[in-house]
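The whole structure should be built from the sequences, with the hints applied where relevant.
Listed below, chain by chain, are the residues.
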Amino acid sequence: MPTKIEIRDLSKSFPSEKGRLPVIDNVSLTVGEGEFVALVGPSGCGKSTLLNLMAGFIRPDAGSVTIDGKVRAKANSKGILISQQGSVFPWLTVRENLSFGLHALDKSEQTRIADQYAGLVGLQGFEHSYPHELSGGMLKRAELARALVVKPDVLYMDEPFSALDALMSLRVRNELLRILRIERHTVILVTHDVEEAIHLADRIHVLSERPTRIRATFNVPFQHPRKLSSPEAQQLRIAILRQLGVELDEQPS
Amino acid sequence: MHRLQDSWSAVLVIAVLIALWWVAVAATHSMIFPTPLAVLTGAWELVEDGSLWRHIGASLMRVAVGFGLAVCVAVPLGLWMGWVRGAFSTLNPIVQILRPISPIAWIPIAILWFGVGDASPIYLIFISSVFPMIVQTIVGVHTIEKRYLRAAENFSVSRRTLFMRVVIPAVLPQILVGMRIGLGVAWLVVVAAEMIALRSGLGYMIIDSRNAGNRYDLVIAGMIIIGLIGLALDGIMRMLEGVRWVRWRYAH
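Here the protein sequences come in this chain order: H and W.
In case it helps, the numbering used here puts the first sequence at residues 169 to 421.
In case it helps, the numbering used here puts the second sequence at residues 341 to 592.
It should be emphasised that the hints constitute simulated quantities derived from the structure, not laboratory data.
For clarity, every value in this text was computed on a predicted model and none was experimentally measured.
Cβ coordinates follow ideal geometry from the N, Cα and C atoms, glycine included.
Don't take every hint at face value.
[What the hints assert, rightly or not] When the alpha-carbon atoms are kept at most 20 Å apart in a straight line, the in silico EDC-like pairs for lysine to aspartate or glutamate are as follows:
#1 Lys319(H) with Glu493(W)
#2 Lys486(W) with Asp321(H)
#3 Lys242(H) with Glu493(W)
#4 Lys242(H) with Asp321(H)
[Claimed, not checked] In silico negatives: residues of chain H with every beta carbon more than 12 Å from chain W:
#5 Asp193
#6 Asp229
#7 Thr261
#8 Glu277
#9 Arg339
#10 Glu351
#11 Ser376
#12 Phe386
#13 Ala407
[Unchecked claim] Facing chain W, a subset of chain H residues (Cβ under 7 Å, in silico):
#14 Ala243
#15 Leu249
#16 Ser251
This is how it looks when you write it as C-alpha cells:
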C-alpha cells in the first residue's frame, strides 16, 4: 500500500492566559492510500486540531504533513473536511450544494454530476429541497455527497455521526462503507466512539489527553460486513477502552 | 382559532379606546377636540376633494426615493466594511458618531444645502435610514458562521464565487432586518420633514389643518392614516421574509 499521508513530529500550541498551551505534542503517523484510519480519544484532547492540521486549515508550529510526498499546502479540494456540526449551506438547495465544488464545469455538467451523487447517497427526489427540509441523517448524506462530488483523495471526518441518534448513526455508517467500496477514498476519522471506530476503520490510533500523543495503535483485522458483537470485536473494544482509561468488568462471552 | 380570538381582543381594545375618547369629548363639551365621528367625516372630506391621495402620494414618493438611495449606499458599504478589516476600522468610528444624531438636528443643514423643495426631506430620510442598514449589514457579515467560510475555502472557490454564493446569501436575512428598521425610521422622519416649509405630504397636511382654522379633526385623521400606512409598510417588509432567498433563516 503506497503511503498517502505522512505526519512527522507534528506539534501545535495555542496562546492562552497561562502562556502557550500545547495541544499536539510530537505526533507521527502514516496513512496508506485507500486506508481508513480512526483517531480515538477523549473529548477536548486535540483530535480536531490534529485533523485541521492534516487538512491544511491551520499550520503546525513544528513538524510536517506531507501528502503524496509533498508538503501540505493550504486547504483545497483534494482533501475535504466533514465537520461535526455540518456545513451544508442552508441557503442553497441540495443540488446547488452538491454542485458547489464543481464551479469550474459548465452548468449542465454540474447538475448531471450533482444528481448522480444525490442518487448515490439516497437523496434522489430531494435535489430541490433546502437543508432545513431534511432530517439530520439526510443532511449528513448531503454533506458526504458534496465532498465526494469533487473526487477528493482524502476525506477528513470530524465526529461526523455524533449529532445523529444511534440508529441513524449506524445507517449512515453502513452507507459510508457501501460508498467507500465504490469510490475508494483515504479516510481519516476522528471520534470518541470506540464502537464506531471498530465498525469502520482499518487501523485505530488511541490518543492521549491534551497534549495529544499517540498512546497505542490497533489494527482491525475483521472483514466487512463486521459483526460488532463478536468476541474478537468485544475484546478489541475492551483493549481500546483500557487505553482510554476505562476498565470494563464484563468479559467477552 | 387562536388567531381569531387574539384579533377579537385587539378589536375590543380599540373599540373601548374609541368609546372612551368619545365619552371624554362629550363630557367636557370640548369645542376644539373632535369626536371620532368628526374625524371620520373630516377624513371623508379629504377623500372627496382628492387631497388625501395627493398627500399620501407625496409622502410615499419621498420615502421611496430617500429609502431607495439609502439601500443602494448602505448594502454595498456594509458588505465592504464587514468583509474588509481595514474598511471597518477606518469607517466604523465615523458611522458610530453620525448614527446617534437625530434627523431633526439635521433639518437646518438640510435646508441650507437643499432648500425647501423635495430634496430636503429626501436627504433627511436618507441620513436617518442609511445608518441602521449599514450597521445591520456589517453585523450580518461578522456573524457568518466560520464553518461555512471554511467549507467554501475547502472547495477552493474564487473570491467572486465566495462572495456571490456564500457571503451575500448568508447576510441577506440580516440586510432585510436592517431594511425593515430603516423603512420604519424613514416613515417616521418623512412626516417630521414635511412640517417644515413644504406644500404637500401627510406632515404638511397635519400642520396646515391646524394653522388653517384649528381643524383638529383633520390632524387626528392624518395621524391615524400615518399609523395605518406605517403598519402596511412593515407588513410588506415582513412578507419579504417569506421569499426563498431568506426563508432558510426563519424556517425550523
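Hint check:
{"no.": "1", "hint": "Lys319(H) with Glu493(W)", "verdict": "16 Å, holds"}
{"no.": "2", "hint": "Lys486(W) with Asp321(H)", "verdict": "24 Å, violated"}
{"no.": "3", "hint": "Lys242(H) with Glu493(W)", "verdict": "9 Å, holds"}
{"no.": "4", "hint": "Lys242(H) with Asp321(H)", "verdict": "15 Å, holds"}
{"no.": "5", "hint": "Asp193", "verdict": "25 Å, holds"}
{"no.": "6", "hint": "Asp229", "verdict": "21 Å, holds"}
{"no.": "7", "hint": "Thr261", "verdict": "9 Å, violated"}
{"no.": "8", "hint": "Glu277", "verdict": "16 Å, holds"}
{"no.": "9", "hint": "Arg339", "verdict": "24 Å, holds"}
{"no.": "10", "hint": "Glu351", "verdict": "18 Å, holds"}
{"no.": "11", "hint": "Ser376", "verdict": "27 Å, holds"}
{"no.": "12", "hint": "Phe386", "verdict": "30 Å, holds"}
{"no.": "13", "hint": "Ala407", "verdict": "35 Å, holds"}
{"no.": "14", "hint": "Ala243", "verdict": "5 Å, holds"}
{"no.": "15", "hint": "Leu249", "verdict": "6 Å, holds"}
{"no.": "16", "hint": "Ser251", "verdict": "6 Å, holds"}
In the structure shown, a violation is registered for the earlier hints numbered 2 and 7, in ascending order.
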